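Peer 1: As a plain string of letters, each chain reads:
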Amino acid sequence: MKKQNHMFYQLLCIVTGVILILPIIYAINISFMPQDEILTTNLHFFPSKAGYLENYKIVFMHTRILRFMWNSLVMAGISSIVRVIVASLAAFSFSFFEYRGKKALFALVVGSMIIPADVLVVQNYFTTAELGLINTYLGMMVVFFISGINIFVMRQNFLSYSISLKEAAQVDGCTNFKFYRKILMPSNIPVITTVFISSFVGTWNTYLWPLLVTNTDAMRTAQVAVTMLNNNEGSNYGVGAVMAAAVVILVPSVAVFLLFQRKIVGGVMAGAVKG
Amino acid sequence: MKGKTFGKKLFQSVEPYLYLFPAFLLLIMFAYYPFAKNTVLSFFTVNKFREIREFAGIANYIKVLGDEKFIQSIGNTLVFVVVTVPVSIVVGFGLALLARKRTRTSSLYEAMYSMSMAISVSVVAMIFQLAFNPSMGIVNKLFGTNVSWLTDPKTALAAIIFIQIWANVGYNFIFLLSGLRGMSEDVLESARIDGATGIHLLTRIIIPMVSPTLLFLLMKDIAYAMTTSSFTLILTYPVFHNGGPNGTTETIMSYVYGKGIVGTNYNAAFAATTVGFVLAAVMMALSLVLEKRKVNYD
Amino acid sequence: MKKLLALLLCGAMALGTAACGAGNEGKGGTGSAGSGQASGDTQEVVFWHSFSGATEAALASIINEYNEGRGKEKGIHVELVYQGYEGTDKVMLAYQTKDYENAPDINVGLTSTIPAVMDMGWTVNVEDYMKEDGSEVTKDMFYEPLQQACTYEGQMVAVPFSNSIPLLYYNKEMLEEAGFEKAPETMDELKDYVTALTVEEGGEVKRYGLNMQVKRYQLVEFCVSQGEVSFFGDNQGGREAPMTKIVAGDDGTLKTFLEKLQALIDTGGYKYVEDNINEEFAQGLSAMAIMSSSRMGTLDELMPGKYMTAYLPKVNADDAGGAAVGGSCLNIFNRDDDDRARAAWDVVQYCVSPKSQYTFSTASGYIPVNKGCEDLDEMKKYYEENPQYKVALDQMKEANPLSQEPLDLTYNEINGIITEIMLEFCQGNLGVDETVNKIVERCNDALDEYHSVNG
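Chains as they are written, first to last, in the numbering used here: chain A, 1 to 275; chain B, 1 to 298; chain C, 1 to 455.
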């Protein structure tokens with residue numbers, strides 16, 4: 001009886017999951033459908049023929065999507081690493097030290113969470129131009145090196161981390177930075193991974209800033225490929241191709257996500273309370 | 001001897017600031033400086049190249065607050081926040097409670113619940129744009145309805161809210177799951193022994209224990225919802241060239257974008273941004289008050 | 001110490017990749033966008049565009065031909081860069097930051113941006129080049145409406161390039177079934193056709209007679225085509241001098257159009273919102289649609305041979321203005337380098353030659369800009385096989401050259417205003433006179449605000 005319940009429970013969980021990811025399944029299905037199947041008013045959730053690859057062929061032949069994705073990868077990867085370092089250092093400062101102005105400085109961090117990025121684009125373009133970073137990878141990445149939200153989440157995490165551990169470490173002659181490097185960071189892999197992934201996914205598909213700041217085809221990012229396929233004028237490759245491009249772009253970010261997923265949820269917040 | 005201790009003391013007092021340095025350098029250069037510039041400029045009349053013409057005092061603010069489109073956008077944004085934030089947190093929490101116990105198939109459904117976190121905003125928008133399409137999309141076909149979800153003024157905002165909730169759930173789920181799994185089993189056991197079950201267990205024990213996570217998600221979601229414009233811009237601007245059918249999907253930030261970038265009217269854009277910022281700051285402050293009262297870190 | 005090292009490492013990584021990126025540009029592309037100096041003997045020309053699909057492929061093939069042939073002889077090499085619709089914005093940003101390096105020599109920009117583009121000091125007035133002795137391309141090689149489309153303050157400042165004109169598209173079978181031999185020519189006729197072609201089932205419309213959302217583009221077309229010719233705004237629609245107000249309200253054109261549109265709405269078979277106009281027309285959910293001629297390429301793929309095009313219906317039976325041609329043009333920028341600007345002019349001349357226009361036009365569906373193109377044998381054959389494209393060309397030729405889209409400075413804002421108010425009108429929330437007043441008032445406000453601030 002208990003076993004049945006248990007299996008039923010798991011089934012329920014799985015079905016809920018499938019419902020939740022229906023939009024993604026939908027996109028994948030559309031990418032394998034020819035145009036006339038998509039356009040009918042009949043319900044076609046699954047493609048009627050398997051193996052229709054035209055849409056994907058269009059994507060790979062008519063856009064330099066692989067090159068664009070590489071650019072996105074470089075940008076997203078490096079920005080995320082930098083973000084983790086910058087945010088964790090700041091969070092470390094906020095959660096383990098007492099000093100003048102701490103509250104005010106933290107308020108500034110929270111404040112930055114509500115500064116909308118759109119308005120800053122033009123001014124940041126000018127700043128970037130002054131730094132001579134137009135048309136460089138660094139120029140594409142530099143505005144993504146910081147995010148107030150990440151500092152906030154890491155601080156939340158660190159605050160739950162027992163301060164007695166740090167004191168114990170200090171007694172052992174450990175400097176603050178060593179504590180950060182050797183104890184704090186390694187035992188907070190879940191939150192680090194989460195920050196990394198959410199940064200990665202966030203920057204993976206940005207469209208406007210990289211387009212604005214670079215001037216050659218070689219430096220375009222992934223989303224540009226989709227935009228190029230998504231126009232209404234002239235000749236149009238169809239909705240299936242747009243979905244195919246969306247799926248292609250989706251793959252790496254989902255892959256990175258699944259790769260690290262264990263790390264996020266797998267770890268119990270080590271040392272959180274037990275200390 | 002003395003010099004060495006002095007040096008060490010100096011380092012100790014400066015140390016925490018050093019760790020903050022890279023973050024603040026970036027924040028100032030790319031967030032606060034441009035924002036401050038925008039705010040200062042909002043008190044002047046500027047031309048389409050953002051060059052100053054003359055001092056304007058609060059004229060821009062008066063104009064913007066008198067624009068019924070702007071007021072409508074504030075209303076839309078508030079509705080957006082009030083619906084998406086609690087719902088996405090509740091759904092995320094519900095999923096986290098469901099998935100808390102580890103089973104053999106855990107990794108499968110955990111991955112599915114958090115998947116929306118791995119999809120970028122533009123891809124989400126495109127998928128739902130197709131799904132909501134009146135003649136080709138799956139929603140109408142499935143339910144046999146004939147509603148133009150994204151172009152009908154009665155449904156456009158609801159459609160966007162739905163999309164936003166879906167996009168938020170993954171992130172909320174992951175954090176709440178971590179939070180739930182991180183709860184000390186001892187505390188839970190002793191609470192159960194004391195006779196706490198069901199709702200009581202949930203509200204008196206579990207929620208307080210994950211309150212840091214809940215607060216974080218609340219603040220992040222509010223910040224995002226108050227300053228978002230992505231779905232409006234991607235889904236309704238190409239058709240309506242402003243905030244949706246009869247302005248029903250215009251958010252504060254999409255209004256700013258429409259005025260500034262599209263219409264090169266930076267006078268309205270800067271003033272509107274500052275107003276939006278103030279509103280968002282108020283909501284953030286309220287949440288921080290909540291932190292003081294209700295969140296415990298141990 | 002270690003922390004410092006970590007930060008340095010980070011910086012090094014970032015810079016290293018940046019260097020890698022810059023290096024890649026050198027290897028992958030044909031020299032980075034900004035190199036102002038001619039490397040060796042070749043003069044670099046940077047050409048920004050916003051085309052994709054078959055149109056982009058066509059342009060790429062034209063440029064390839066140039067680079068391999070004439071470009072090689074003259075020592076000029078062109079680099080094509082896709083910029084999306086942000087191209088013109090970027091040129092303006094580059095101008096503001098005096099960033100001569102990261103700007104193009106040639107840019108494809110909407111004709112409506114001409115006043116803004118001419119405001120920049122570095123934009124070349126193309127008429128100057130065309131007037132020179134021995135210039136390959138002269139003004140009268142272009143169709144008059146196209147000349148006028150690129151004319152500002154009396155000078156033809158840009159070269160027309162990817163232009164289109166609105167057309168009435170109709171489903172051949174459906175019209176035949178309903179007993180019509182040809183397309184409707186006036187809005188009154190259009191109303192009758194819509195009534196006949198609409199199919200209702202159980203209280204719901206299963207097939208609309210006509211699908212068209214009235215935004216700035218459509219509204220302006222229906223206004224300027226009235227009478228002998230009409231203007232939407234003062235100063236000849238903003239071409240003689242900057243536009244300061246809307247005149248379509250005073251001269252009655254706006255009102256007349258709205259009255260005719262009201263009749264259409266009253267039939268119950270007119271869909272006034274665009275969801276996916278191309279696909280719905282192809283699926284047979286609408287019998288007719290009014291759209292730009294640039295959509296023909298898409299429709300050829302969606303419903304080859306099943307549709308045909310016709311002139312935009314006249315508002316009054318005796319209108320002679322004809323539809324206005326619109327689209328994009330080529331702007332040339334001189335960044336303190338006369339030789340380079342001349343090289344760019346050479347490229348432009350090549351791109352508007354009859355042969356190049358044939359390649360471009362047949363692939364994209366845009367109207368060929370060079371009069372010589374339609375005389376080419378290949379072009380004649382193409383029009384025989386694809387009569388729907390000839391309709392666009394003919395409509396343009398028959399129109400009054402002064403019938404043009406306005407250069408209305410706050411183009412985007414006006415688009416938003418018109419779209420919004422027209423939606424309310426179609427929904428039945430505003431009457432004809434109210435709508436006229438509201439549109440005129442709000443557009444004038446926008447223009448006033450623009451002038452007061454931008455003097």
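Rather than coming from a laboratory, the hints here were simulated on the basis of the structure.
Note that this is a predicted model, so its numbers are computed, not measured.
Hints are supplied without guarantee of correctness; some may be wrong.
[What the hints assert, rightly or not] Listed below are the simulated BS3-like cross-link pairs for lysine-lysine, each with C-alpha atoms no more than 27 Å apart in a straight line:
#1 B:Lys48 / C:Lys438
#2 B:Lys154 / A:Lys102
#3 C:Lys131 / B:Lys48
#4 B:Lys63 / C:Lys397
#5 B:Lys63 / A:Lys102
#6 C:Lys397 / B:Lys154
#7 C:Lys355 / C:Lys72
#8 B:Lys101 / A:Lys2
#9 B:Lys69 / C:Lys438
#10 A:Lys178 / A:Lys102
#11 A:Lys102 / A:Lys2
#12 B:Lys63 / A:Lys103
#13 C:Lys172 / C:Lys380
#14 C:Lys131 / C:Lys438
[Unchecked claim] Calculated Cβ distances over 10 Å to all of chain A for the following chain B residues:
#15 Ile58
#16 Leu95
#17 Thr145
#18 Asp194
#19 Ile199
#20 Gly260
Note that CB positions come from ideal geometry on N, CA and C, so glycine has one too.
Peer 1: For which of the previously enumerated hints does the structure constitute a violation, in increasing order of number?
Peer 2: 2, 3, 4, 5, 6, 11, 12, 14, 16 and 20
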